[in-house]
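Given the structure of chain B, go ahead and fit chain L onto it with the hints provided.
Heads up: the sequence lines are chains B and L, in that order. Start counting the first sequence at 1; every next residue gets the next number (my numbering). Start counting the second sequence at 1001; every next residue gets the next number (my numbering).
Hint data in this document are derived by calculation from the structure and do not stem from the laboratory. Nothing here was measured: the structure is a model prediction, and the numbers come from that model. Just so you know, not all the hints are guaranteed correct.
[As the list claims (entries may be wrong)] Derived DEER-like restraints, expressed as beta-carbon distance ranges:
{"hint": "1", "chain 1": "B", "residue 1": "L114", "chain 2": "L", "residue 2": "R1102", "range": "27 to 33 angstroms"}
{"hint": "2", "chain 1": "L", "residue 1": "P1024", "chain 2": "B", "residue 2": "T38", "range": "39 to 45 angstroms"}
{"hint": "3", "chain 1": "B", "residue 1": "L114", "chain 2": "L", "residue 2": "E1170", "range": "36 to 42 angstroms"}
{"hint": "4", "chain 1": "B", "residue 1": "F215", "chain 2": "L", "residue 2": "D1064", "range": "56 to 62 angstroms"}
{"hint": "5", "chain 1": "L", "residue 1": "T1183", "chain 2": "B", "residue 2": "G122", "range": "26 to 32 angstroms"}
{"hint": "6", "chain 1": "L", "residue 1": "Q1109", "chain 2": "B", "residue 2": "F215", "range": "43 to 49 angstroms"}
[What the hints assert, rightly or not] Only some residues are given here: those of chain B computed to face chain L with a beta carbon under 10 angstroms:
{"hint": "7", "residue": "R41"}
{"hint": "8", "residue": "L123"}
{"hint": "9", "residue": "E125"}
{"hint": "10", "residue": "A126"}
{"hint": "11", "residue": "A127"}
{"hint": "12", "residue": "R128"}
{"hint": "13", "residue": "T129"}
{"hint": "14", "residue": "L130"}
{"hint": "15", "residue": "G131"}
{"hint": "16", "residue": "G133"}
{"hint": "17", "residue": "D136"}
{"hint": "18", "residue": "T140"}
{"hint": "19", "residue": "V141"}
{"hint": "20", "residue": "A147"}
{"hint": "21", "residue": "G163"}
{"hint": "22", "residue": "G166"}
[Unchecked claim] These stretches of chain L come out as covered by chain B in the derived footprint (C-beta under 8 angstroms, 3 or more residues):
{"hint": "23", "segment": "1050–1063"}
{"hint": "24", "segment": "1090–1101"}
A virtual CB, placed ideally from N, CA and C, is assigned to each residue, including glycine.
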Amino acid sequence: MPDMTEAELQALTLSLEVALRSVLFSLPLAIATAWLLTRRRFAGRTLLDAFVHLPMVLPPVMVGYVLLLLFGVRGPIGHWLYHSFGLRMAFTTRGAALATAVMSFPLMVRAIRLSLENVDRGLEEAARTLGAGALDRWCTVTLPLMAPGILAGAVTALAASLGEFGAVITFAGNIPGVTRTLPIALYSALQTPNGEASAARIAIISFLLGMAGLFAAELLARWMRPRLGR
Amino acid sequence: MLEVRLCLERGDFDLEVQFSAPAPGITALFGRSGAGKTTLIHLLAGLLEPDSGWIALDGEKLFDSALSLNVPTHRRRVGCVFQDLRLFPHLNVAGNLRYGLRRAASQPQRITMERIVTLLDLGPLLARHTWQLSGGERQRVALGRALLAQPRLLLMDEPLAAIDVAKREEVLPYFERLRDELTLPIVLVTHHFEDVVRLATHVVLMDAGRVRAQGNLPTVSLTPELGALLGSEGVGAVIEGRVESIDAASGLATISAGQHRLLVPGGSLQPGGALRVQLLARDLILATAAPVGLSVRNQLQGVITDIKAESSHNVMVSLDIGGDALLARITTLAALDLQLRIGQHLWILIKAVSLRGHAR
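In isolation and in its complexed conformation, chain B is listed as follows (with noise of 0.2 angstroms):
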């Protein structure tokens, strides 16, 4: 493989620090929206399943621009964050990393609460007849067997993190070493003159990423298979 460039590689390191960043951010809250769409009745709950798969079918760049007006410094959230902990959100990595959640929390959501839909609730019954309360329950009998659920989602929503485009251009731009991440650089050499050698570079580089992520994945799940007797 050629060299890469400073730039490049700063894209491809940027790029693994939002996708991360991203996932770490939403795992928990998409692990509770799973378990509120899945175990819990409420007045809402249609509305909340439709809220969180809107990102799916929204355009992204539109989903940047709410992210804007909400989150930008004089956005509601966005002045909130900004006066009371000194949070910039726009045109910043955080920033990048929040889209890109956002974007990726739909599917996130889908593979886990397929996962939990899947746990045995005799399972959790027999569990309450050896004496564990609810959370206990929770967490040594149902998040362990949702662990691959949990462990697909992630890595879905990590591969879906590298590739998102819109919605951090629109929400983060395009700042090179802040925001600039793998498919935002590929756009800018593309639009560059003589930029097409780098381009392929960074196409490169994002498809042995992907390629990596599923055989990691993969090689997880067979790892956790046999310890979870199937």
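Using the frame of chain B, we list chain L on its own:
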């Protein structure tokens, strides 16, 4: 001692039961599928909430609708062996066994890991994953796991249903050991009468959400309610006795039941062991005079206590053989011919080969 009075209505099914289960011993909930046995087990475990009634275990209330008392399942200390066993697939055998044990750490550990491992022969299985176990092994692990949670009551829902008939013998002796060594009440759901004869010390007969009869097996075996459940071919008194001796040459065991002696096929019986014998009503022959020159090995004497028409051509004769009671089905024609009447003294003949002793 478990005492229960519960009502539950769910759609077109309603359950209304009152029974008690003495300790130590196995109380069999016997009935067809759909009678409400599994529902009752779920109510006792607290996995379902009854509409009204109470559950008292050793005098302590676990549920009482009048007091709005409902001890949650995880604090009831009611062990459960489910029909589908429900071993945790993400834990190995030792992990499964320890699950309840850890959570009962504050209780006095009367049932220790060593004792369960010995009692149920689990030693070689401890490091295995649950999917590497045979049906009988899974059964034993589920049983051990429930017992290690230090329960005050053990519920077993069709524990033998998942095991094919040939393998039952592999598990039954363990149940007998539990019954004889543990002091807690055990409630066992079954629709196999043979399990009842073999294991139960007390029987609760259920049908359509109601208790139809309860008591010790010899008493319940005489009730028409049991007859209705077993069908006319299965009706017959169960008597309890002890193996006196086994004659190696004839292969027959002599058993004593009350003042009577009976010969039954020796099979796997042990001298001195307690056993039960079911004398099917259709297998009994009645004679008004002492018979001679017959191949029949068992002759008892008794007095007729009741004669009931069963159908247009059969009658059921109840007999008292001095303490124990028997049922004999004969044709109406035979009853008329012999001029049978209540209070009449009779000889009762039973072929040894028609009997089967169940060690208990």
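Each hint tested on the structure:
1. Taking 27 to 33 angstroms as the suggested C-beta distance range, the pair L114 (chain B) and R1102 (chain L) conforms, at roughly 31 angstroms.
2. For the hinted restraint 39 to 45 angstroms between P1024 (chain L) and T38 (chain B), the CB-CB distance of approximately 43 angstroms keeps it satisfied.
3. Between L114 (chain B) and E1170 (chain L) the beta carbon distance is about 38 angstroms. The supplied range of 36 to 42 angstroms therefore holds.
4. One distance hint, 56 to 62 angstroms for the beta-carbon pair F215 (chain B) and D1064 (chain L), holds here, with the actual separation near 59 angstroms.
5. Separated by about 29 angstroms at the C-beta atoms, T1183 (chain L) and G122 (chain B) satisfy the suggested range of 26 to 32 angstroms.
6. Remark: the range hint 43 to 49 angstroms for Q1109 (chain L) to F215 (chain B) is upheld by a beta-carbon distance near 48 angstroms.
7. Using the Cβ-Cβ criterion of 10 angstroms, the hint placing R41 (chain B) at the interface with chain L is not satisfied: the shortest such distance is roughly 17 angstroms.
8. Below 10 angstroms, beta-carbon pairs count as interface contacts, and L123 (chain B) has one with chain L at about 6 angstroms; its hint therefore holds.
9. Checking E125 (chain B) against chain L by beta carbon gives a least distance of about 6 angstroms; that is within 10 angstroms, so the hint holds.
10. Interface restraint check: A126 (chain B) against chain L, minimum CB-CB distance 4 angstroms, threshold 10 angstroms, status holds.
11. Checking A127 (chain B) against chain L: minimum C-beta separation of about 7 angstroms stays under 10 angstroms; hint holds.
12. At a threshold of 10 angstroms, the smallest CB-CB gap from R128 (chain B) to chain L is about 4 angstroms, leaving the interface hint in force.
13. For T129 (chain B), the suggested interface contact is upheld, since its CB lies about 4 angstroms from the closest CB of chain L, less than 10 angstroms.
14. Satisfaction of the interface hint for L130 (chain B) is found here, the shortest Cβ-Cβ separation to chain L being roughly 4 angstroms, below the 10 angstroms cut-off.
15. With a least beta-carbon distance of about 3 angstroms to chain L, the hint placing G131 (chain B) at the interface is held under the 10 angstroms criterion.
16. Taken as an interface hint, G133 (chain B) checks out: its beta carbon lies about 5 angstroms from the nearest beta carbon of chain L, inside 10 angstroms.
17. Evaluation of the D136 (chain B) hint against chain L yields a held restraint, the C-beta minimum of about 7 angstroms falling below 10 angstroms.
18. Hint status for T140 (chain B): holds, given a least beta-carbon distance of 8 angstroms to chain L, under 10 angstroms.
19. A hinted interface residue such as V141 (chain B) counts as satisfied when its beta carbon comes closer than 10 angstroms to some beta carbon of chain L; here the least separation is about 7 angstroms, so the hint holds.
20. Taking 10 angstroms as the C-beta cut-off, the interface hint given for A147 (chain B) holds, the closest approach to chain L being about 8 angstroms.
21. Because the closest C-beta pair between G163 (chain B) and chain L is about 33 angstroms apart, greater than 10 angstroms, the hint is violated.
22. Proximity of G166 (chain B) to chain L is violated relative to the hint, the smallest CB-CB distance being about 40 angstroms (cut-off 10 angstroms).
23. Chain B is given as covering the segment 1050–1063 of chain L, and this is violated because 0 residues of the stretch bring a CB closer than 8 angstroms to a CB of that chain, at least three being needed.
24. Against chain B, the segment 1090–1101 of chain L contributes 3 residues with a C-beta closer than 8 angstroms to a partner C-beta. That satisfies the three-residue criterion, and the hint holds.
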